[in-house]
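Asks: Given chain A's structure and the hints, the job is docking chain B onto it.
Number of protein chains: 2
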Amino acid sequence: MSTAKVWTAGMLVIGGEILSGRTHDRNIAQVASWLQVQGIRLTEARVVSDDMVAIADALNALREGYDYVFTTGGIGPTHDDITVDAVAAALSVPVVVHPEARAILEDYYRDKPGGLTEARLRMARVPEGAELIPNRMSGAPGIRHGNIFLMAGVPAITAQMLDGLTGELEGGAPLLSETVGCWTAESEVADILREVEKAHEDCQIGSYPFFRDGRTGANFVIRSTSREVLDSAVDTLCEALAEAGRDFTPGGI
Amino acid sequence: MSTAKVWTAGMLVIGGEILSGRTHDRNIAQVASWLQVQGIRLTEARVVSDDMVAIADALNALREGYDYVFTTGGIGPTHDDITVDAVAAALSVPVVVHPEARAILEDYYRDKPGGLTEARLRMARVPEGAELIPNRMSGAPGIRHGNIFLMAGVPAITAQMLDGLTGELEGGAPLLSETVGCWTAESEVADILREVEKAHEDCQIGSYPFFRDGRTGANFVIRSTSREVLDSAVDTLCEALAEAGRDFTPGGI
Numbered sequence: 001m002s003t004a005k006v007w008t009a010g011m012l013v014i015g016g017e018i019l020s021g022r023t024h025d026r027n028i029a030q031v032a033s034w035l036q037v038q039g040i041r042l043t044e045a046r047v048v049s050d051d052m053v054a055i056a057d058a059l060n061a062l063r064e065g066y067d068y069v070f071t072t073g074g075i076g077p078t079h080d081d082i083t084v085d086a087v088a089a090a091l092s093v094p095v096v097v098h099p100e101a102r103a104i105l106e107d108y109y110r111d112k113p114g115g116l117t118e119a120r121l122r123m124a125r126v127p128e129g130a131e132l133i134p135n136r137m138s139g140a141p142g143i144r145h146g147n148i149f150l151m152a153g154v155p156a157i158t159a160q161m162l163d164g165l166t167g168e169l170e171g172g173a174p175l176l177s178e179t180v181g182c183w184t185a186e187s188e189v190a191d192i193l194r195e196v197e198k199a200h201e202d203c204q205i206g207s208y209p210f211f212r213d214g215r216t217g218a219n220f221v222i223r224s225t226s227r228e229v230l231d232s233a234v235d236t237l238c239e240a241l242a243e244a245g246r247d248f249t250p251g252g253i
Numbered sequence: 001m002s003t004a005k006v007w008t009a010g011m012l013v014i015g016g017e018i019l020s021g022r023t024h025d026r027n028i029a030q031v032a033s034w035l036q037v038q039g040i041r042l043t044e045a046r047v048v049s050d051d052m053v054a055i056a057d058a059l060n061a062l063r064e065g066y067d068y069v070f071t072t073g074g075i076g077p078t079h080d081d082i083t084v085d086a087v088a089a090a091l092s093v094p095v096v097v098h099p100e101a102r103a104i105l106e107d108y109y110r111d112k113p114g115g116l117t118e119a120r121l122r123m124a125r126v127p128e129g130a131e132l133i134p135n136r137m138s139g140a141p142g143i144r145h146g147n148i149f150l151m152a153g154v155p156a157i158t159a160q161m162l163d164g165l166t167g168e169l170e171g172g173a174p175l176l177s178e179t180v181g182c183w184t185a186e187s188e189v190a191d192i193l194r195e196v197e198k199a200h201e202d203c204q205i206g207s208y209p210f211f212r213d214g215r216t217g218a219n220f221v222i223r224s225t226s227r228e229v230l231d232s233a234v235d236t237l238c239e240a241l242a243e244a245g246r247d248f249t250p251g252g253i
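Protein sequences appear in the order of chains A and B.
Residue numbers for the first sequence follow the numbering used here, so the first one is 1 and each next one is one higher.
Residue numbers for the second sequence follow the numbering used here, so the first one is 1 and each next one is one higher.
Since the hints were derived computationally from the structure, they do not count as laboratory data.
Just so you know, these numbers come straight off a predicted model, no measurement behind them.
Incorrect hints may appear among the rest.
Note that the list lumps identical chains together, so a pair holds whenever it fits in one copy or between two copies.
Claimed, not checked - Restricting the straight-line Cα-Cα distance to at most 25 Å, the calculated cross-link-like pairs of lysine to aspartate or glutamate (DMTMM-like) are:
| no. | residue 1 | residue 2 |
| --- | --- | --- |
| 1 | K198 | D247 |
| 2 | K112 | E188 |
| 3 | K5 | E243 |
| 4 | K112 | D191 |
| 5 | K5 | D111 |
| 6 | K112 | E239 |
Same shape as in the complex, but just chain A (with noise of 0.2 Å):
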């Protein structure tokens, strides 16, 4: 069994949006995507709303228990943008204008009507002491402060973000998945799975059942940090479907 370190992430999502129900979160997932690339562990996500105090608990509450956090939303250019204010009280820092952030918004904004207006200097804003994450897509760039990464709310501009990070942060083996998917009710394999998972050490089995045009079904996702065990684990568990005179379908339904 490996006893390397396992690094973890948090995630905050901030936005009203969210909590309204005008918004379905697409953040957590594109994060928690490109964390599993980077050998990171997504380990728990937050959602608040756009509320100083709310923002500042939850920062210190996840910088307390993972390695990283990642936050998407609240750092444009609205009055309701307020994530660089309150990170910087979380972390005791003052807010400052980044002057290479004003440099990109300078010339970003040159040709575009209104030019750098005050509402558009607000997003050269960032906690003492913090990087920028480059931005190709808009400008307004990303922050980085420690392990502390401020990036969009727009799951598109997010993603441009996510890619200048790529390789930048030290993580661990990726955790490799497998997923198997059954035509079957999950509760007529539940002893199969649950044997499957004990029987292999570092593999985590994960069930999910779905309706889908009026039958049941499930997608039992494997998990584990060796390929060895993964495949093996696959392997076991098809079999041990096939014994049971279940249909499945290695790679998922």
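Replies: Quick look at chain B alone, frame taken from chain A:
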């Protein structure tokens, strides 16, 4: 300014499939929208993996902070379904088989292959003192323990359970909202948004930018518990956008 009690809820999404990036959560938005209609404000959501301590800790934090707590996920028949155990541990009560839940499952599985197996019987387990939340879709009920509500992870089943709870919970005045869309960079109208919000008590304006078809736009969501305040804020915003020469779309883009 209204001094009526604001009813709040916290939500706990339980499931490694969300934190691995495999699945986009759809329950936060679903529960949030439903809560709005009940006059209850979703104030925080957390996502944790299928881990006893993580679930129990998050549940205790949320039930201390909010009037209601809703959980989704982890109440099925497989080995990774541990929500009931974790919640019972958090509440310091034993897990018991609920006789009515057992009867429901016996009835539901009577004609199904395998009948009521031990795995399926897991779905009759509840923290002692709980009541059931009906689920017309798949038999297995949701669970209510005081102001804590344990619901399914599959969104279609969660919807059934919410339906069964409609009108059952004490809440305040529903938060009303109107949306105004604008094909403009939000940074160009940031001052207008701030001024309109400042001029109206009991009114919040959120700005939600997007990129679509290669163009920049934003939806401005105005919220208030007062219809009068809401209408006045929307009128003022539209007038100000018109004066500034912006095209806008009542109802949102």
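Asks: Since the copies are identical, ignore which copy is meant and state whether K5 and D111 lie within 25 Å (CA to CA) inside a copy, between copies, both or neither.
Replies: neither (49 Å within a copy, 50 Å between copies)
Asks: Can you give me the call for K112 and E239, within, between, both or neither, at a CA distance of at most 25 Å?
Replies: between (62 Å within a copy, 24 Å between copies)
Asks: Check K5 against E243 for me: Cα-Cα at most 25 Å, and say if that holds within a copy, between copies, both or neither.
Replies: Cα proximity of K5 and E243: none, with 38 Å in one copy and 59 Å across.
Asks: Go through the copies and call it for K112 and E188: within, between, both or neither, with a Cα cutoff of 25 Å.
Replies: Only across copies: K112 and E188 sit 10 Å apart there, 61 Å inside one copy, limit 25 Å.
Asks: When no copy is named, should K198 and D247 be tagged within, between, both, or neither for a Cα gap of at most 25 Å?
Replies: within (23 Å within a copy, 61 Å between copies)
Asks: I want to check one pair: K112 and D191. Are their C-alpha atoms no more than 25 Å apart within a copy, between two copies, both, or neither?
Replies: Intra 63 Å, inter 17 Å, cutoff 25 Å: inter-copy only.
Consistency note: the structure conflicts with the earlier hints numbered 3 and 5.
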